[in-house]
Amino acid sequence: AQSVTQLDSQVPVFEEAPVELRCNYSSSVSVYLFWYVQYPNQGLQLLLKYLSGSTLVKGINGFEAEFNKSQTSFHLRKPSVHISDTAEYFCGEWSNTGNQFYFGTGTSLTVIP
Amino acid sequence: KAGVTQTPRYLIKTRGQQVTLSCSPISGHRSVSWYQQTPGQGLQFLFEYFSETQRNKGNFPGRFSGRQFSNSRSEMNVSTLELGDSALYLCASSLDVRDTQYFGPGTRLTVL
Chain U
1 AQSVTQLDSQ VPVFEEAPVE LRCNYSSSVS VYLFWYVQYP NQGLQLLLKY LSGSTLVKGI
61 NGFEAEFNKS QTSFHLRKPS VHISDTAEYF CGEWSNTGNQ FYFGTGTSLT VIP
Chain P
1 KAGVTQTPRY LIKTRGQQVT LSCSPISGHR SVSWYQQTPG QGLQFLFEYF SETQRNKGNF
61 PGRFSGRQFS NSRSEMNVST LELGDSALYL CASSLDVRDT QYFGPGTRLT VL
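Chains U and P, in that order, are what the protein sequence lines are. Heads up: the first sequence begins at 1 in this note's numbering, then just goes up one per residue. Heads up: the second sequence begins at 1 in this note's numbering, then just goes up one per residue.
If you're looking for bench data, these hints aren't it; they were derived computationally from the structure. Virtual Cβ for every residue (Gly too), placed ideally from N, Cα, C. Please note that the accuracy of each hint is not assured.
Derived coverage of chain P by chain U (criterion: at least 3 residues anywhere in the stretch with Cβ under 8 Å from a Cβ of chain U; other residues may be distant) [to be verified]:
hint	stretch
1	47-59
2	99-108
With a cut-off of at most 35 Å between alpha-carbon atoms, the simulated DSBU-like pairs for lysine-lysine come out as follows [said to hold, decoys possible]:
hint	chain 1	residue 1	chain 2	residue 2
3	P	Lys57	P	Lys13
4	U	Lys69	U	Lys49
5	P	Lys57	U	Lys49
6	P	Lys57	U	Lys58
7	U	Lys69	P	Lys13
8	U	Lys58	U	Lys69
Please model the entire structure based on the sequences and the hints provided.
Written as structure tokens, this is what we have:
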């Protein structure tokens, strides 16, 4: 069965510090992975996605993610966070068998001034 | 282009009632997917519509249903509401189901 695991439910980090939000996926064949961000009282916004090619994917707002096939991971990173990055972050994958997107349970990032 | 809109933004209902939520996709998008978001569960897929046809359905009871109109607008209906149906219901539109999904702000349903 498809599953996406976000290893941390909450991540507090000080402003201007680096952050890594961890995600493990389950697809064993072709992969289509993504990260979305959800700001308070808003819908989800795509940060970045990976279908093929370079394993380092750059997204909006200075975020990037690295696809690691051997570890089935797709961790999200930012070298220096801002207060405005405080939000919920969702990792997910596309399932070719289920013809649907599967999302993780989310990681709440809190940036501390 | 206007984004995905959902109405109403907030709803309060009591157990046993039914509710209809509406979603207007981005112009030109024919695929509309619905998700239920609850704390700790993340987003769970409800169903996907394309050109007025339901192509895929998640693991939810039959009380949850939906439809899509010829202009791609979609509605979802929940009958015989239960307390556990309290959630944020998100609609997402895309050109086709595997393309990037654009989400609306959601409808927050509270069942008392």
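Going through the hints against the structure:
Under the rule that three or more residues need a Cβ within less than 8 Å of chain U, the assignment of the stretch 47-59 of chain P holds, with 4 such residues. Look at the stretch 99-108 of chain P against chain U: 7 of its residues bring a Cβ nearer than 8 Å to a Cβ of that chain, three or more, so the hint holds. This hinted pair checks out: Lys57 of chain P and Lys13 of chain P have alpha carbons roughly 25 Å apart, not beyond 35 Å. As the CA atoms of Lys69 of chain U and Lys49 of chain U are separated by approximately 15 Å, the hinted pair is consistent with the 35 Å bound.
Proximity of Lys57 of chain P to Lys49 of chain U is assessed by CA-CA distance (about 24 Å); at most 35 Å being required, the pair is judged to hold. With a CA separation close to 32 Å, the supplied pair Lys57 of chain P and Lys58 of chain U stays within the 35 Å bound. Taken as a hint, the Lys69 of chain U and Lys13 of chain P pair is broken in the structure, with Cα atoms around 46 Å apart against an allowance of 35 Å. Among the hinted pairs, Lys58 of chain U with Lys69 of chain U is consistent with the structure: their alpha-carbon atoms are about 17 Å apart, no more than 35 Å.
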